[in-house]
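S.K.: These protein sequences, in sequence, are chains A and B.
Residue 8 in full-length UniProt numbering sits at position 8 of the first sequence, with consecutive numbering throughout.
Residue 54 in full-length UniProt numbering sits at position 54 of the second sequence, with consecutive numbering throughout.
Wrong hints could be hidden among the right ones.
Put simply, identical chains are the same to the list, so a pair is met inside one copy or across any two.
Straight-line Cα separation of at most 25 Å, BS3-like style, residue types lysine-lysine; simulated pairs [unchecked claim]:
id, residue 1, residue 2
1, 152, 55
2, 6, 152
3, 6, 155
4, 72, 84
5, 152, 7
6, 272, 297
7, 195, 109
8, 152, 297
9, 124, 110
10, 132, 84
11, 114, 84
Derived by calculation from the structure, the hints in this document are not laboratory data.
2 protein chains.
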Amino acid sequence: MFILPKKATIIEVGPRDGLQNESMIVPPDVKVRFIEALQQSGITEMEITSFVSPKWVPQMADAVQIVSESPKNGRQIVLTPNEKGVVRALESGANSVAVFVGVSDSFNKKNINKTTAESMHELKPIVEQLKKDGVFVRACISTAFYCPFEGKINKESTLAICEEFTSWGVDELSVADTIGMADPVESYELFSYLKEELSETVLLTAHFHDTRKMALANIFASLQAGIDRFDTSAGGLGGCPFAPGATGNVATEDVVHMLHHMDIDTGIDINKLCEAIDLIAGYVSKPIESGMYRLYKQ
Amino acid sequence: MFILPKKATIIEVGPRDGLQNESMIVPPDVKVRFIEALQQSGITEMEITSFVSPKWVPQMADAVQIVSESPKNGRQIVLTPNEKGVVRALESGANSVAVFVGVSDSFNKKNINKTTAESMHELKPIVEQLKKDGVFVRACISTAFYCPFEGKINKESTLAICEEFTSWGVDELSVADTIGMADPVESYELFSYLKEELSETVLLTAHFHDTRKMALANIFASLQAGIDRFDTSAGGLGGCPFAPGATGNVATEDVVHMLHHMDIDTGIDINKLCEAIDLIAGYVSKPIESGMYRLYKQ
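Input sequences plus hints: build the corresponding full structure.
M.R.: Right, dumping it as structure tokens:
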């Protein structure tokens, strides 16, 4: 039999990762109502917006407004690409910040025009300052399994980035299969390895994409490896713009349903979650294809 | 680490289970080309049609033609509901027959207006005669996990049906989560139990639906339980008409991809499989949503 955790934490990324590539701008008040409804469904940790250049991501031009108007419940994380973003985020009242880097140089360059080492060099003083200021820091590590340009990433490279972040005092590592290519065996292997090698004090989160429909299988394998934190996106909104074929964050409602079915508590009400998706469904360009939202709409 | 099989067998059910509920009649020559293309992709076992009443399933009115015109490669199975169907199937030249029953009485009654015991009583002489005649017999056991009317099915009831079929000499048991409700823990539990209790000589096949997106996770869990045979449907075609919410057979191409990625050989070429789906995609009412077919179409 399996030894699975009794509880798991969902980190909802829909309002940020889910919406960032939508070309139609979602009105800020709709976003705030979406965030509020997600909180009311029981979500306690959420990426709510990002302080990136509006030139690159016009959808996030309202970041200041989103932070100031969203109800202050649970952990509300804002993504920041650099020091300027961090300063703006803190000025807006954010108390949890996410930084990001790709394990793969090619991907990191394509994404933000820097090598992985250059990114880490820049992030170090930022993260250290944030930790001095008592801010919760989440490090998002992309292409931790595969890179669309370099192929398979070796686990030692991923561990090295994780260890560097941990040495700076980050609170959470979100380790991502950015292009949805990892299989359950690989998911189990990488997360077992990271669990064994990393300090127990850092929160270790798995971020899977459902591009090849293996996300739930990967989550099941990660649970077997002792992982109990998962990034998911309500309605399966979003993906990654810089990774060819990487459509499809895994849908929160399908993950929560599977977890509950296996007696793993998340504190989330699936019906209320689907009500939250109702608020945003009319503003996004692709249909909501998750199993649980479809059953809810029947 | 996991101990997974090195090889797995796909039983393609698209031409039968996938098409049976399509209201638009697919021309027989299209079906035959679809079957042929599936064979060419490396499929060696397939449900190609069913000898049911055309009054109930008009799509299968061409069963005789499909059997006689399909190339005789590998195991081509026809589904039959009763003795009349079996006689017609054998006259048409079929050499592999599938019979079916629901573990749940309520489901079986809704499906064919008989209790499970009545069905089994009728099937016994049919199966025994088929085995005397040297015909390969596959027994499809629906609602083996959950029934839409009765809820959770206990594993002893499912085992009892499996054992009865085995005592009559059936070659294969296809054990189905008809309404796509089982989770990976339940999949592992039931298939471990059946593996342990049943004779090793009977082929044990898992049939999952992707209604709640857990099919690939369930397949991964079943592999861990030692199962190496899976019913799947090219393009994820079909579902079950008598089970509310039971849309969505799991897509062959996504299952094959996951298996190959974990170094489990199936002998199937995913690209050729997608070419086969191309032949049928224009004739079915719902879009093909599998991950691998979408990547193929990009």
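S.K.: Is it within a copy, between copies, both, or neither that the alpha carbon of residue 114 lies no farther than 25 Å from that of residue 84?
M.R.: Only inside one copy: residue 114 and residue 84 sit 16 Å apart there, 71 Å across copies, limit 25 Å.
S.K.: With identical chains, the pair residue 124 and residue 110 could be close in the same copy or across copies; at 25 Å between alpha carbons, which is it: within, between, both, or neither?
M.R.: For residue 124 and residue 110, the Cα distance is within 25 Å only inside one copy (21 Å; across copies 65 Å).
S.K.: From the Cα coordinates, with 25 Å as the cut-off, is the pair residue 132 and residue 84 best called within, between, both, or neither?
M.R.: Classified as within: same-chain Cα gap 17 Å, cross-chain 80 Å, threshold 25 Å.
S.K.: Given a CA cutoff of 25 Å, do residue 152 and residue 7 count as a within-copy pair, a between-copy pair, both, or neither?
M.R.: between (31 Å within a copy, 23 Å between copies)
S.K.: Which holds for residue 6 with residue 152 at a C-alpha limit of 25 Å: within a copy, between copies, both or neither?
M.R.: between (32 Å within a copy, 21 Å between copies)
S.K.: Have a look at residue 272 and residue 297 and pick one of within, between, both or neither, based on CA distance no larger than 25 Å.
M.R.: Answer is within: at 13 Å inside a copy they meet the 25 Å cutoff, but 35 Å across does not.
S.K.: When no copy is named, should residue 152 and residue 55 be tagged within, between, both, or neither for a Cα gap of at most 25 Å?
M.R.: The answer is neither: 32 Å in one copy and 53 Å across copies each exceed 25 Å.
S.K.: As a check of your reading, is residue 6 near residue 155 (CA-CA no more than 25 Å) within one copy, between copies, both or neither?
M.R.: between (28 Å within a copy, 24 Å between copies)
S.K.: Pop the pair residue 195 and residue 109 into one bin, within, between, both or neither, using alpha-carbon distances up to 25 Å.
M.R.: neither (28 Å within a copy, 50 Å between copies)
S.K.: When no copy is specified for residue 152 and residue 297, does a C-alpha distance of 25 Å or less occur within a copy, between copies, both, or neither?
M.R.: between (39 Å within a copy, 24 Å between copies)
S.K.: With identical chains treated as interchangeable, where does the CA-CA distance between residue 72 and residue 84 reach 25 Å or less: within a copy, between copies, both, or neither?
M.R.: For residue 72 and residue 84, the Cα distance is within 25 Å only inside one copy (23 Å; across copies 68 Å).
The structure fails to meet hints 1, 7 from the earlier list, while all remaining hints are met.
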